[in-house]
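Below are the chains, spelled out letter by letter.
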Amino acid sequence: MDQGVAVTNTSTEVRSGRSARQVNTLPLLLPAVILLLLWSILPLLRTIFYSFENYNLMTPPAVFNGGLNYRYLFTDISTWIAIKNSVVLVLGVLAASVIFGTLIALLLNNDFPGRNIARLLAIAPFFVMSPVAALIWKNLLLDPVSGLFGWFMTLLGLHPIAWFSTAPMLSVVMIYSWRWIPFATLILLTALQSLDTDQLEAARMDGAKGFARLRYIVLPHLLRPISIVIMLESIFLLSAFAVIYTTTNGGPGDATTTLTYLIFIKALNDFSIGSASAAGVFAIVLANVLAMFLIRAVSRNLQA
Amino acid sequence: MAKLILQNVEKRYETFHAIKGIDLSIDDREFVVFVGPSGCGKTTLLRMIAGLEDITGGDFSIDGVRANDIPPDKRGLAMVFQTYALYPHMTVAENMGFALKMAKVPRDEIKAKVAHAAAMLQLDKVLDRRPKALSGGQRQRVAIGRAIVRNPKGFLFDEPLSNLDAALRVQMRTELVKLNKQLQTTMIYVTHDQIEAMTMADRIVVLHAGIVEQVGSPLELYNNPANLFVAGFIGSPKMNLLEGVVTARDDQHVEVKLDDAGTVAVMAARIAVAPGTRVTVGMRPEHTALVSDGPIGGVADFVEHLGNETLVYVKRPDGRQMIVKADDLAGVRMGDAVTMAPKGDRSVLFGPDGKALLRREFHLH
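Chains as they are written, first to last, in my numbering: chain A, 1 to 304; chain B, 1 to 365.
Among the hints, a few may not be true.
Unchecked claim - The calculated lysine-lysine pairs, modelled on BS3-like cross-linking and capped at a C-alpha distance of 25 Å, are: (1) B:Lys181 with B:Lys238; (2) B:Lys181 with B:Lys132; (3) A:Lys209 with B:Lys104; (4) B:Lys315 with B:Lys343; (5) A:Lys209 with B:Lys257; (6) B:Lys104 with B:Lys153; (7) B:Lys238 with B:Lys355; (8) A:Lys209 with B:Lys111; (9) A:Lys209 with B:Lys153; (10) B:Lys104 with B:Lys74; (11) B:Lys113 with A:Lys209; (12) B:Lys315 with B:Lys238; (13) B:Lys181 with B:Lys257; (14) B:Lys153 with B:Lys257; (15) B:Lys101 with B:Lys20; (16) A:Lys209 with B:Lys74; (17) B:Lys153 with B:Lys111; (18) B:Lys181 with B:Lys113.
If you're looking for bench data, these hints aren't it; they were derived computationally from the structure.
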């Protein structure tokens, strides 16, 4: 009898819950939606508007010039160099953070004395803000005269190199990797800890050891978190700016000028708001196309 | 084909002595069930046999070869986990063939073995599915199939049916026993459910606090529990245990004056027990009858009509409960005063140390 009563109770609760969901929720969402519109859609519309104007801060006023900004953008070789640089930066850092992130996570997942401190240290670079990270690398590590790398190369009998002029893109990729490997490590380590121990033991019974265990049990389990790392890092790295600004200023020449940095140069060095806006709109389109693929890939992984 | 011998096997953790010296010999093709309450060490013992836990003392051998230090995949034993532990990113066929793949068996051979096992377990139609798309019963079968394709010397089951619903559990129970006969391999099965133990086992090993309380066939354990623990653990509803003092004995019977009750006679031919000894009389609910003027009195506290039989929970004067299994037409109602008598030839006597005094030869007719 008691059970019967309990069952009816829950079913009425479910019913009332359903009717609550039928209430018109739009007015409740409205404040958030309005804020979002003001915050992101208006600037976007404004940018699109500017991108069709000949608008230079040094030679006002702004005048409509049709698609001229876009024609210049697509015929300018520096645009394509910037895109190439963006791709190299994003792929380089992604490769480094997935590979090293996985390796470090696998190491930190083992039991050893001082493990918690090691974990903390491994994750720490992520909490250092980009300009600070860039300055640490520029002055303390990569500097040919006073840097650690230079000292190390001298020890080995080599000539220290000026990293930012000899291998500028590699240097920038290194610095961003240093910041983002910990992020990948953090996500992959938590994923490793959620791996079912029964599964690992079943694999032990099945004779999967060492590399086979990694290849057939651990890595497939990490596939989903790795795709999340790739998605989140791509989004952040596409807009990477601070490290480039602090170290190379996009140079030497245009060796480290990414699309983001190109927009900055157009707007704040050349004061050309119109062409910067056109490049910005192009970057938004590119980023959204990329995001669409990434999110689709990740959500497929989440469902599987 | 495997004969497993454990000699004084122990498991010590830093602060905990989990297995306290177990001697056990498991014959080829035998279906042995480890049963006991949770925390008794049964799963630990199984994992030690599997090789997933180190054996910290004693010897364990498979077919005469010392196996303490043989890695788990080389022992020739396959394990079915409670959670099934299927690999979620592999199809059913890949799950089942994984051990063979690791052993570098040619692909065609793997395929043939998987197909054979799948046919045996009615999994042929779901070979391309992932575990997620399977029902609980199917996952269970895949876990068993994964063990079968390895063609192991022995199977180890760790509470494999506890995640299934009641109907499926009963069905899988019989299928596992059939499988044992069909595959002709040794099987060790861990459970806390004494009904599973009774229905499936050739021999039951009752474990309690890291030691073996008794080893024997289901009926042996039921009729001749070696001690109070086994008496209370095997059988459902539980055996009634009443304390008393031996008052007299002749060459056939021992008479016991129960505390708070009259005198009962227990058939006991060949045991030495002097009058005055404190003993415990064990009488199963099904071997206790409601009679008028019986030696044991009480009040019917609760009556359960199960259809084919009636369970009467009797509250005795000392406050303790006793259960009687009466027939379906017993006209007892809650609150009735009743008296009971045990069937003297089925009662069991335990000495002051809790060990059985009576080891009867029991023959099935």
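The hints, checked one at a time:
A hinted pair counts as satisfied when its Cα atoms are at most 25 Å apart, and Lys181 (chain B) with Lys238 (chain B) does not qualify at roughly 31 Å. At roughly 31 Å between alpha-carbon atoms, Lys181 (chain B) and Lys132 (chain B) are farther apart than 25 Å, so this suggested pair is violated. Between Lys209 (chain A) and Lys104 (chain B) the CA atoms are separated by roughly 13 Å; this keeps the pair inside 25 Å, and the hint holds. For a cut-off of 25 Å, the pair hint linking Lys315 (chain B) to Lys343 (chain B) stands: about 20 Å separates their Cα positions.
Our distance criterion of 25 Å between C-alpha atoms is broken by Lys209 (chain A) and Lys257 (chain B), whose separation comes to about 65 Å. With a CA separation close to 19 Å, the supplied pair Lys104 (chain B) and Lys153 (chain B) stays within the 25 Å bound. Among the hinted pairs, Lys238 (chain B) with Lys355 (chain B) is consistent with the structure: their alpha-carbon atoms are about 17 Å apart, no more than 25 Å. Between Lys209 (chain A) and Lys111 (chain B), the direct Cα distance comes to roughly 22 Å. Compliance with the 25 Å bound is thereby established for this hinted pair.
Of the supplied pair hints, the one linking Lys209 (chain A) and Lys153 (chain B) holds, its CA atoms being roughly 21 Å apart against a limit of 25 Å. At most 25 Å may separate the alpha-carbon atoms for a hinted pair to count; Lys104 (chain B) and Lys74 (chain B) meet this at roughly 14 Å. Under the criterion of a C-alpha separation no larger than 25 Å, the hint pairing Lys113 (chain B) with Lys209 (chain A) is consistent with the structure, at around 23 Å. Straight-line distance between C-alpha atoms of Lys315 (chain B) and Lys238 (chain B) comes to about 15 Å, which keeps the hinted pair within the 25 Å bound.
In summary, the hint linking Lys181 (chain B) to Lys257 (chain B) is not supported, as the alpha carbons are separated by about 48 Å, beyond the 25 Å threshold. Straight-line distance between C-alpha atoms of Lys153 (chain B) and Lys257 (chain B) comes to about 53 Å, which puts the hinted pair past the 25 Å bound. Simply put, Lys101 (chain B) and Lys20 (chain B) have alpha-carbon atoms about 38 Å apart, too far for the 25 Å limit, and the pair is violated. Note on Lys209 (chain A) and Lys74 (chain B): the hinted pairing holds, with a Cα-Cα distance of about 12 Å set against a maximum of 25 Å.
Proximity of Lys153 (chain B) to Lys111 (chain B) is assessed by CA-CA distance (about 21 Å); at most 25 Å being required, the pair is judged to hold. Restraint check for Lys181 (chain B) and Lys113 (chain B): satisfied, since their Cα atoms lie roughly 19 Å apart, inside the 25 Å limit.
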